[in-house]
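Peer 1: Chains as they are written, first to last, in this note's numbering: chain A, 1 to 271; chain B, 272 to 599.
Source of the hints: derived by calculation from the structure; they are not laboratory data. Where a beta carbon is used, it is the ideal one built from N, C-alpha and C, also for glycine. Don't take each hint at face value.
What the hints assert, rightly or not - Subject to a maximum C-alpha distance of 30 Å in a straight line, what follows is the list of computed DSSO-like cross-link-like pairs (lysine-lysine):
| # | chain 1 | residue 1 | chain 2 | residue 2 |
| --- | --- | --- | --- | --- |
| 1 | B | K332 | A | K127 |
| 2 | A | K127 | B | K558 |
| 3 | B | K558 | B | K332 |
| 4 | B | K322 | A | K127 |
| 5 | A | K37 | A | K47 |
| 6 | B | K322 | B | K332 |
| 7 | B | K322 | B | K558 |
What the hints assert, rightly or not - If you only want the chain B side, here are some residues facing chain A, beta carbon under 7 Å, derived:
| # | residue |
| --- | --- |
| 8 | G409 |
| 9 | L413 |
| 10 | S416 |
| 11 | F428 |
| 12 | Y446 |
| 13 | V448 |
| 14 | V533 |
| 15 | T534 |
| 16 | L564 |
| 17 | T571 |
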Amino acid sequence: MILEDKNLLIGFLVILFSIMFAVIGIIITPFDPLSIKGPVLHPPSNKYLLGTDDLGRDVFAMLSRGILTSLFIGVVAALTTSVIGIFTGIIAGVYGRLTDFIIMRIVEFLLSMPSLVLALILVAILKPNIWNIVLILAVTGWPAITRIARGYTLQVLTSGYIEAARSLGADTKHIIFRHLIPASVPITLASLVSSIRSAILLEAGLSFLGLGDPSTISLGTILFYARRAASLAAGAWWTFIPAGAMITLIVFGLTMISLGIERYSYRNMRT
Amino acid sequence: MHFLRYLVSKLIYVFLTILIAVIVAFFIFRLLPGDPTLSMLDPRLDPEARKEILRSFGLDKPLWEQFILYISNLFRGELGYSFSYTGMRVTEVILGPRLFNTIILMTSSIIISAIVGTFLGLLAGWRAGRLFDRVFTGVLYLLFSAPVFWIALIIQFYLGYVYGILPISGTTSYYGVNVDLWIYISDYINHLIAPMMTVSIFLIPSYYIYIRNTTAALRNEDFISALRAYGLSEWRILKNHILRHVLIHTISITANQSPLLVTGAVFTETVFGWNGIGRLLYDSILKSDYPVLQGIFLLTITVVVIANLLADISYYFIDPRIKRGVGE
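I would like the entire structure built from these sequences, with the hints used as guidance.
Peer 2: Printed below as a string of structure tokens:
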């Protein structure tokens with residue numbers, strides 16, 4: 001499957017590259033990335049592969065941790081998003097009427113609300129630790145998946161095999177857990193990947209504004225440090241170009257994977 | 272489908288969404304953990320005096336009474352007073368120069384990116400699979416993945432700090448100074464260029480990708496082959512037939528982009544110190560200015576919903592299929 005589709009192949013290679021970059025980076029910089037290692041704003045050299053920031057911290061060491069943090073937060077948030085989305089979508093589809101009406105009005109509201117505004121307001125109220133960030137990302141991300149899962153549920157409910165299961169005496173609970181949930185997972189796979197993408201971008205954005213978890217380094221945090229410390233005025237391109245390029249690369253990889261999955265399932269549907 | 276019926280069905284949706292927003296805006300600042308009054312009032316304050324202040328704001332009343340008060344105030348356009356801009360009404364803080372600056376930045380960026388994105392998308396889609404298409408689609412997918420604040424930093428760094436072509440930050444150099452109107456306007460535009468480039472570069476890919484794919488799909492439609500068979504030149508087909516089709520999409524992308532616009536506004540205005548609503552949102556979060564946050568929240572959702580409504584209305588007149596009720 002991966003080798004068949006060019007988008008999937010590129011996407012997986014890019015993600016693999018960034019993970020390997022991070023792992024190798026951690027191996028060759030086995031120290032606390034927030035510790036002061038050298039002179040201030042030292043340009044890239046053999047000793048400091050990507051230079052140092054305004055406090056003399058190794059940018060390469062921070063970058064390799066940042067990649068893993070960003071990926072971790074993105075994946076956890078997207079999985080949470082998917083669980084909530086699939087569940088609410090199926091509930092809306094199966095129970096219909098008022099349940100459906102209420103869930104779908106909330107979904108429509110959240111879909112028309114720019115997720116950044118919602119996330120910023122929640123950040124202002126909740127404490128910015130890593131789990132609250134994941135929670136905020138999940139709150140803003142689930143409606144897209146709900147819509148797909150609901151549409152799929154409505155389509156499947158009238159199809160033969162659910163009728164068959166019903167006639168064999170299966171109750172609603174059985175149908176939800178044994179048929180609808182397992183069947184929804186592949187359907188929402190492309191959206192799962194795009195929610196990782198949006199979660200990574202949103203988390204990077206919050207961290208860039210200094211509203212992320214202050215105790216972890218994500219790729220956005222590196223950009224926040226660079227901007228706050230006026231490293232730009234000092235001409236220190238290495239403090240912000242690599243971290244931003246890494247976000248772009250990871251997001252690009254995920255975009256390609258999600259395009260690939262979409263195309264793959266589209267092809268399979270037709271044949 | 273009759274226009275009025277179509278309009279009413281859309282208006283119901285607008286009303287419901289704004290209603291939910293109004294309810295959410297009330298509860299989000301009252302039910303979530305954290306007491307906003309704590310950041311406002313000195314904790315050493317005498318408890319009796321504290322109660323008195325809360326009473327003067329109506330915060331001692333039961334929640335439902337506060338809610339009714341909030342709704343009735345909202346109808347009078349009363350959103351309360353800002354916490355950080357002491358003595359200023361929320362409406363004064365939001366509506367005014369800040370809203371103007373954001374509207375200028377966003378409209379100019381939308382126009383530029385819609386034109387550039389549609390044009391490049393048409394060219395690439397019409398020649399899908401060729402070198403131009405491959406190169407541009409690759410590059411624009413990369414741009415599509417770049418976070419807007421990184422684009423902003425790069426533009427600020429190279430055009431502002433390194434080459435010194437454009438001002439680094441701010442909306443004007445003549446803050447509080449009386450200068451000739453033309454000098455002021457040219458200075459304002461000078462400050463506008465960098466943030467406008469940022470938002471445009473951020474928006475172009477979504478226009479491009481959509482228009483490119485639509486054009487590439489249209490190219491193989493029967494009616495295009497028929498036009499070719501009639502002997503129409505490629506250019507005329509592109510201009511008179513494909514462009515008409517594609518323009519509907521340009522409108523719909525613009526409406527769907529309103530969340531992206533908000534993202535663009537917050538980050539771009541923050542990086543470039545552009546005195547608009549996006550930066551106000553960020554500042555209000557740092558200062559825990561809940562009334563202003565609530566106001567921006569309501570403003571944003573209203574703008575997004577109205578943008579969608581306008582797009583729906585324009586579809587009605589552009590796309591004859593809606594009038595005939597096809598696909599309803």
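Peer 1: Decide, hint by hint, whether the structure agrees.
Peer 2: Each hint, compared with the structure:
1. B:K332 to A:K127: Answer holds: K332 (chain B) to K127 (chain A) is near 27 Å, not above 30 Å.
2. A:K127 to B:K558: 15 Å, holds
3. B:K558 to B:K332: Cα-Cα ~26 Å, so holds.
4. B:K322 to A:K127: Roughly 26 Å separates the two Cα atoms, so the pair holds.
5. A:K37 to A:K47: Holds, at roughly 10 Å.
6. B:K322 to B:K332: Answer holds: K322 (chain B) to K332 (chain B) is near 11 Å, not above 30 Å.
7. B:K322 to B:K558: The given pair, whose Cα atoms are some 23 Å apart, holds under the 30 Å limit.
8. G409: 10 Å, violated
9. L413: At 6 Å from the nearest chain A Cβ, L413 (chain B) passes the 7 Å test, so the hint holds.
10. S416: 4 Å, holds
11. F428: 5 Å, holds
12. Y446: 21 Å, violated
13. V448: 24 Å, violated
14. V533: Given a least distance of 4 Å, the restraint on V533 (chain B) holds.
15. T534: 5 Å, holds
16. L564: This interface hint holds because 6 Å falls under the 7 Å limit.
17. T571: 5 Å, holds
In this structure, the earlier hints numbered 8, 12 and 13 are contradicted, and the remaining ones agree with it.
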